[in-house]
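So the sequences go chain by chain: A and B.
Just so we're aligned, residue 1 is where the first sequence starts under our numbering, counting upward by one.
Just so we're aligned, residue 1 is where the second sequence starts under our numbering, counting upward by one.
To be clear, the hints were calculated from the coordinates, so they are not data collected in a lab.
Glycine included, every Cβ here is placed at the ideal spot set by N, Cα and C.
Worth double-checking, as some hints may not be accurate.
A partial selection of chain A residues facing chain B, derived with a Cβ cut-off under 8 Å [claimed, not checked]:
#1 R2
#2 S7
#3 F11
#4 Q14
#5 P16
#6 L59
#7 R61
#8 I75
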Amino acid sequence: MRDYWLSKLFFDLQNPAVAAEFRAAQEKVLDRYPVGPEVRRKVIERDVTYLAGRTNAYLLRYFFYTVGMKDAEFIRKLRGG
Amino acid sequence: MRSSSASCAVASFAGAFAASHGPLIVRDWDAIPGDEKTRLEKAFRELGRRVAAAKPDVLVAVSPDHWSNFFLDNYPAVCIGVGESNEGPPEPWMKAYPHRNLAGHAAFAMHVAEEALRQGFEPSLSHRLKLDHGTCIPLWRMELPQMPALVPMLVNSIEPPMPSLARCLEWGKLLRKAIESYPGELRVGILATGGLSHSIGEKTMGAIHEDFDRETIKRFSSSENSLLEYLGKELPSRGNGSEEVRNWLVAHGAAGGRGFELVDYLPVPAVIVGCGFASWRV
Numbered sequence: 001m002r003d004y005w006l007s008k009l010f011f012d013l014q015n016p017a018v019a020a021e022f023r024a025a026q027e028k029v030l031d032r033y034p035v036g037p038e039v040r041r042k043v044i045e046r047d048v049t050y051l052a053g054r055t056n057a058y059l060l061r062y063f064f065y066t067v068g069m070k071d072a073e074f075i076r077k078l079r080g081g
Numbered sequence: 001m002r003s004s005s006a007s008c009a010v011a012s013f014a015g016a017f018a019a020s021h022g023p024l025i026v027r028d029w030d031a032i033p034g035d036e037k038t039r040l041e042k043a044f045r046e047l048g049r050r051v052a053a054a055k056p057d058v059l060v061a062v063s064p065d066h067w068s069n070f071f072l073d074n075y076p077a078v079c080i081g082v083g084e085s086n087e088g089p090p091e092p093w094m095k096a097y098p099h100r101n102l103a104g105h106a107a108f109a110m111h112v113a114e115e116a117l118r119q120g121f122e123p124s125l126s127h128r129l130k131l132d133h134g135t136c137i138p139l140w141r142m143e144l145p146q147m148p149a150l151v152p153m154l155v156n157s158i159e160p161p162m163p164s165l166a167r168c169l170e171w172g173k174l175l176r177k178a179i180e181s182y183p184g185e186l187r188v189g190i191l192a193t194g195g196l197s198h199s200i201g202e203k204t205m206g207a208i209h210e211d212f213d214r215e216t217i218k219r220f221s222s223s224e225n226s227l228l229e230y231l232g233k234e235l236p237s238r239g240n241g242s243e244e245v246r247n248w249l250v251a252h253g254a255a256g257g258r259g260f261e262l263v264d265y266l267p268v269p270a271v272i273v274g275c276g277f278a279s280w281r282v
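Okay, chain A solo, but in the shape it has when bound (with noise of 0.2 Å):
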């Protein structure tokens, strides 16, 4: 399943001047990407098993790398941890 907005959500934060904005106010970037309100909910809690579900698996690596979460920790949650 693809999750359109989502995924382009995920695809526009390659660029690095709209990743600097995510991370300085993600909800006005979010306002912007008409998603589900869960979806938008599970965005802001970083749930990767969500998430994984809903997108390419390599616009979800590409995310959380955005975001910071370092590989070990992706790997852990993608595995359910």
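We have chain A already, so just place chain B on it with the hints.
Positioned in the frame of chain A, the structure of chain B alone reads:
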């Protein structure tokens, strides 16, 4: 060998090569254990030496697009870069890569596109692409003394559904025909990047399937059917990054399926990739 007659000269096939890539080969370079780093350096350089010795005027760089150019709005199965030039890698952690603008070869690339359409292949075309880490990490680490013109061929191995394995092999054969029908003295090589086994952003992330990698390497020296059958059966359970072996199939098809000389293979947990380096027998 170059023809001495300019009037009937056609391009020649300079060779086919493959190398793995992965962001951590740059981002975490300093964290790679010494022995593995030394082998990686040596393998990239040896491949670079072989590419340079083949004297390609043009390299067809076969790689996936890691969401650098395409999105869900339109993600082509295959895209050929037909522009005069392309941009260097957009990833912030590739900022140190020295080439921000990479010359293309518009005439040859358009010839490939036209030959493809004539043969019933329908690639997407782009007059300007961003060549991301998939293409640029091998080029960087290979330390080529001179950068050939690059014709990017982006093959989707990132977002399902992907082109079939058999089609990728056929793409390679088509490339060879296109090379050998291009009017002009030009040496054209192929650099396939990606693979071997790795897993990104999924539950198995970090897994390297050395058994799969070694069997895949072996099957490249067997029949096409044996290779395709094995990959078709195994790929779905060997990590999403392993899908990039499609690019190796393009190189294999172009090289006439005679198998390759393995420059090196080593699983590198620090970069979470089974790293393979190959130059095809031609």
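- prompt: Under the criterion of a CB-CB separation shorter than 8 Å, is R2(A) in contact with chain B as hinted?
  reply: holds (6 Å)
query: Per the CB criterion, is L59(A) less than 8 Å away from chain B?
result: Check passed: Cβ of L59(A) comes within 6 Å of chain B, closer than 8 Å.
Hint status (Cβ of P16(A) to nearest Cβ of chain B, threshold 8 Å): holds (5 Å)
query: Holds or violated: is the Cβ of R61(A) closer than 8 Å to a Cβ in chain B?
result: holds (4 Å)
field: F11(A) as chain B interface residue, shortest Cβ-Cβ below 8 Å
entry: Constraint on F11(A) satisfied, holds at 5 Å.
message: Hint S7(A) vs chain B: min CB-CB distance below 8 Å?
response: For S7(A), the interface hint holds, since the closest Cβ of chain B sits about 6 Å away, which is under 8 Å.
message: Given a cut of 8 Å on the nearest C-beta pair, is the interface hint for I75(A) held or broken against chain B?
response: The hint holds - I75(A) has a Cβ within 8 Å of chain B, the shortest such distance being about 5 Å.
field: Hint check: 8 Å Cβ-Cβ cutoff, Q14(A) to chain B
entry: Given a least distance of 7 Å, the restraint on Q14(A) holds.
In terms of the numbered hints stated before, the structure departs from none.
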